[in-house]
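Undergrad: Below are the chains, spelled out letter by letter.
There are 2 protein chains.
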Amino acid sequence: MASLLRLPSLLAPAAARPAALLRHRGRCLHTSPARLCPAATAAGASSAAPVKMETRGGDREGQVTPRSTDFNAWYTDVIDAAELADYGPVRGTMVIRPYGYAIWEAIQDYLNVKFKETGHSNMYFPQFIPYSFIEKEASHVQGFSPELAVVTIGGGKELEEKLVVRPTSETIVNHMFTKWIQSYRDLPLMINQWANVTRWEMRTKPFIRTLEFLWQEGHTAHATLEEAEKEAMQMIDVYTKFAYEQAAIPVIPGRKSRVETFAGADRTYTIEAMMGDKKALQAGTSHNLGQNFSRAFETQQVVIVPIWKKGDEKGVVMEAVASVQNTLKEAGIRVKMDDSELRTPGWKFNFYEMKGVPIRIELGPRDVKNRSVVLCRRDVPGKQGKEFGISMEPSILVDHIKGRLEEIQASLLQKAITFRDSNIVDVNSYGELKEVISEGKWARGPWSASDADELKVKEETSATIRCFPFDQPEGAKKCFMTGNPADEVAIFAKSY
Amino acid sequence: MASLLRLPSLLAPAAARPAALLRHRGRCLHTSPARLCPAATAAGASSAAPVKMETRGGDREGQVTPRSTDFNAWYTDVIDAAELADYGPVRGTMVIRPYGYAIWEAIQDYLNVKFKETGHSNMYFPQFIPYSFIEKEASHVQGFSPELAVVTIGGGKELEEKLVVRPTSETIVNHMFTKWIQSYRDLPLMINQWANVTRWEMRTKPFIRTLEFLWQEGHTAHATLEEAEKEAMQMIDVYTKFAYEQAAIPVIPGRKSRVETFAGADRTYTIEAMMGDKKALQAGTSHNLGQNFSRAFETQQVVIVPIWKKGDEKGVVMEAVASVQNTLKEAGIRVKMDDSELRTPGWKFNFYEMKGVPIRIELGPRDVKNRSVVLCRRDVPGKQGKEFGISMEPSILVDHIKGRLEEIQASLLQKAITFRDSNIVDVNSYGELKEVISEGKWARGPWSASDADELKVKEETSATIRCFPFDQPEGAKKCFMTGNPADEVAIFAKSY
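Protein chains in written order, with full-length UniProt numbering: chain A, 1 to 496; chain B, 1 to 496.
Be careful, since some hints might not be right.
It does not matter which identical chain is used: a pair holds within one copy or between any two.
[Unchecked claim] In silico SDA-like pairs for lysine to any residue, Cα to Cα no more than 25 Å straight-line:
no., residue 1, residue 2
1, Lys-116, Glu-105
2, Lys-369, Ser-411
3, Lys-415, Phe-470
4, Lys-162, Tyr-87
Please keep in mind that the hints were generated in silico from the structure rather than gathered at the bench.
With the sequences and hints as input, model every part of the structure.
TA: Okay, structure coming up:
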């Protein structure tokens, strides 16, 4: 079993999807990567709670095109204004700025614990791969050669053998595994790598597709098919839990159809996410994200904005702010305080909403007098999201905020589940499928037809089988295409 | 100020050395990297406590050439036998295996906290740099062009502009800083990056020099020279503390001479380590490590080896082992238990000594009866390092082990300090310096002579000024070369 997790998708409005590829190699099973594209935060978050661009006292710097006007412009504006990333000097590359990178680190922290619990060790493989390695694997060279960056000069000299900058590490991992695995004693071998990989994408977009991106790839080898299968299922479970519990993305875990299974793999598992535009997240590769989203790690952040007008108010306000900040920190709540005098409170309100910070605390002279604060939930726009007079008393404030953070996470997940479920329609005939797909929705129906039929559906509707979901309805089923008995339902959708 | 930390040096018997390069750029000061080559563990550790190759019941797999017979063979044998790293398929590259990588992760964890405390944010910059960027900086192109890996083909096509795989990120960081820093508002800007970098070294050796290596590089920009200077000193302090407290390497922090200062820098700070062969660790670049060493993170590891002969003994032994393991884990002590039946206890003793695990717990049926364990210190060879009958009672055992771990760290550091200090000799004439250097030691003496004199010393003795140490003797001094008054003493040594 194996797993891949990619940063670019991180800040894109996105979701998670791994694909475990089981492959038999000699006496051990080396399984190639499953991919997890964890997901979305600030930018994506806005699809549920649109960024309010009121300008209460703020200047218009960092102005963001309304999402409804121009989705693409909105997308890049948000990334820029929230300081998530910037363009690198080489076309198609990007610089991941502190706010974007912090989310990646939080994902690493979470998954490192899970990987270690499940027996994986982190390692690091060289990024330069002999060109011949790529050529050795027919399906691999076909898949990756148009996307390769190739080093031909090293130390001022033309190289005898060109080197590929890793697009993924399967070939080099296989090479080393073959060396390390001498007998069953050495199994299972379960490794994980956090690394940068390079794919020469033609059309690029920050976080969605970039020439270089950060990801996580797991590779394991097992003595038996059963054990590999168990591991594959376990990792899908880790990803699924991650998607739901951390990223608030209600993915659908399942198995890929034969047609959609990665070349050379026995089986491919996936978790499929529905994007905001209802397209499915494409499996087996690691880009293309839609507008569904998560708030993943923002649910731990709270920002405090102090407010004062007269100079003599500053002292008391800041004293109270420091005390509140300490209280929250001690309670393990991630908190940022912004007391910059270069920006107005109004500007700050907009800025942190754009960044996706879930709770804002406003604290002014009157609040200090009342020993209370004002709490603003990002996911509930306007006055409804404001709570006045929340006591500064540490135990009360901490409990209140923790409760609100839980609520926000639950509410985001619930909204995403509702969105997903209201866009999956059960179908019992090909006609129904066509209609559902033409509406941009996902179709779910019993399927036991041929690969040729599957390709026909793709040609005629552009929809593919995203997966046979693990969660299957009970009872006898008839294939909606052929009328024959069917063991399972499949989900069809258009994808990125 | 800035900082670089490199993994390759990690497992090499080594030490730490950063060099802060202050450089004035427009209205802000952008300072280029200081480098920290943290250091050494298993392999290096052996120079103080030579790996015992007794084969108590063990087979001779993973046999290690004695260090005294052939240092180079010993070095590569240890890396291989302790499973720290392996060779990659491309010449000069290496795979960092779990045990080696875990140490890197521990260093990351430690330094990330320090960097964040001092106001740095982690970021990620693209690794592909336009060739023109490297050419822009004259000193840079001179320094790095012989070492560059160059991508000339991307997506199947010859590129219009060749791309350099980063040998360091100064040029791209400068490019982005110029964009981000619009006014004093944006200062200080303090970023840090954990990344892989590539240098086309001709002679390579695992961890010492590899084509690709992992490191950490910090870059900061400040409004004033004073602030940059303060930051530079602060980071040197972080590195120095790291070297002493974590890596048990008694480095000498100081300032580089004009001759040894990096081209383009106002000042270069460094921490210089004395290697086991008494060579100094070369500053300003990030390879070349010697035989001095540290046990860095092993001081948190304890290994438990269960011992039984008859089948019916296994149950009770393993029960006790599990309980001891839990006790230690709960006390926050890093513990590994090796109950593999494929290796004898004797084989395991050797294996973990080679890995540098500082304390081994042996637990057999008689110990279970006595409710006690046997403790073996790696740094004290033979029977003197063994303690019998240490109670299993959690509070007693935990206190005992924590005490021993502290002692081991203190003892390692003390040994290294003694080694260092006994090899630094005060000199008062050029003749004395020549003698000291010819003995392979370090010479310390008052210096106020010219750059030309410094170069003459280098030509005639191969020794260079490693630094003007921060720790200076009191009182009036006369330059040992010219007899003129001198403000400072300098340290001269041969380096890698």
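Undergrad: If any of the earlier hints don't hold here, list their numbers in rising order.
TA: 2
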